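**Student:** The chain contents come next:
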Amino acid sequence: DTGVSQDPRHKITKRGQNVTFRCDPISEHNRLYWYRQTLGQGPEFLTYFQNEAQLEKSRLLSDRFSAERPKGSFSTLEIQRTEQGDSAMYLCASSLGDRLDTQYFGPGTRLTVL
Amino acid sequence: AQKVTQAQTEISVVEKEDVTLDCVYETRDTTYYLFWYKQPPSGELVFLIRRNSFDEQNEISGRYSWNFQKSTSSFNFTITASQVVDSAVYFCALSGFDFGNEKLTFGTGTRLTIIP
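So the protein sequences, as listed, match chains U and X.
Mind the numbering: the first sequence is residues 435 to 548 in the working numbering, read in order.
Mind the numbering: the second sequence is residues 46 to 161 in the working numbering, read in order.
Everything labelled a hint here was simulated from the structure, so no lab data went into it.
In this text the structure is predicted, and so the values were computed from the model without any measurement.
There's no promise every hint is true.
[What the hints assert, rightly or not] Interface residues of chain X toward chain U, partial, derived using beta-carbon atoms under 8 Å:
1) D74
2) Y77
3) L93
4) R95
5) F136
6) G145
7) K148
[Stated by the list, open to error] Listed below are the simulated BS3-like cross-link pairs for lysine-lysine, each with C-alpha atoms no more than 25 Å apart in a straight line:
8) X:K83 to U:K445
9) U:K445 to U:K491
10) X:K61 to X:K83
11) X:K61 to X:K115
12) X:K48 to U:K491
13) X:K48 to X:K83
[To be verified] Anything over 10 Å on all C-beta distances counts as not near chain X; from chain U, calculated:
14) E486
15) E502
16) F508
Beta carbons are placed, not taken as given, at the ideal position from N, Cα and C, and that holds for glycine.
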């Protein structure tokens, strides 16, 4: 059973560095979502894709953030010039894309910016 | 705008006790989905249940049960005969029903600790 996978699981970086995370959705899932979760809070929506098209971006997604899903399969989330406020768990979820479907989450990437 | 409120930040109960986690939501949509997810210490969100707004039937799955009351905008979750493995953070979430409105809005979560 292959669920949503994310890589890396943990990332420690220095302020100002760029980081990139990868998410591999469940096979045949058309929708892919990115969320961010800070300590003690629930996940907050960042952006999502229908196949390779990025359909919505949250106001939380500043210009330093960019997400891609070039072939409609895996996705990457890049943060440029990281800031300490970017420290969080970045969660990826996927769904079939049918309105009746449920989002299934990966294990997340925990980012710590020093 | 959508909003989910989980007023209970932390709950501790002794093993085998029943416990209810509260969830209150706000939405202007007439049709919507409600969810519960479990987040164990490993960090991965585990899907537990999805309910749509036009089905107010309560649901039971083993030791878990859910009470959906549209009149009070609540979707509460009860664990019967709690076990140590139930210890986790539980999130209630809400999404729209229409295409393009499927993103989840989460509450702040309730940390449940089951004491052996």
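**Student:** Which numbered conditions among the earlier hints are violated in the structure presented, ordered from lowest to highest?
**Tutor:** 1, 2, 3, 11
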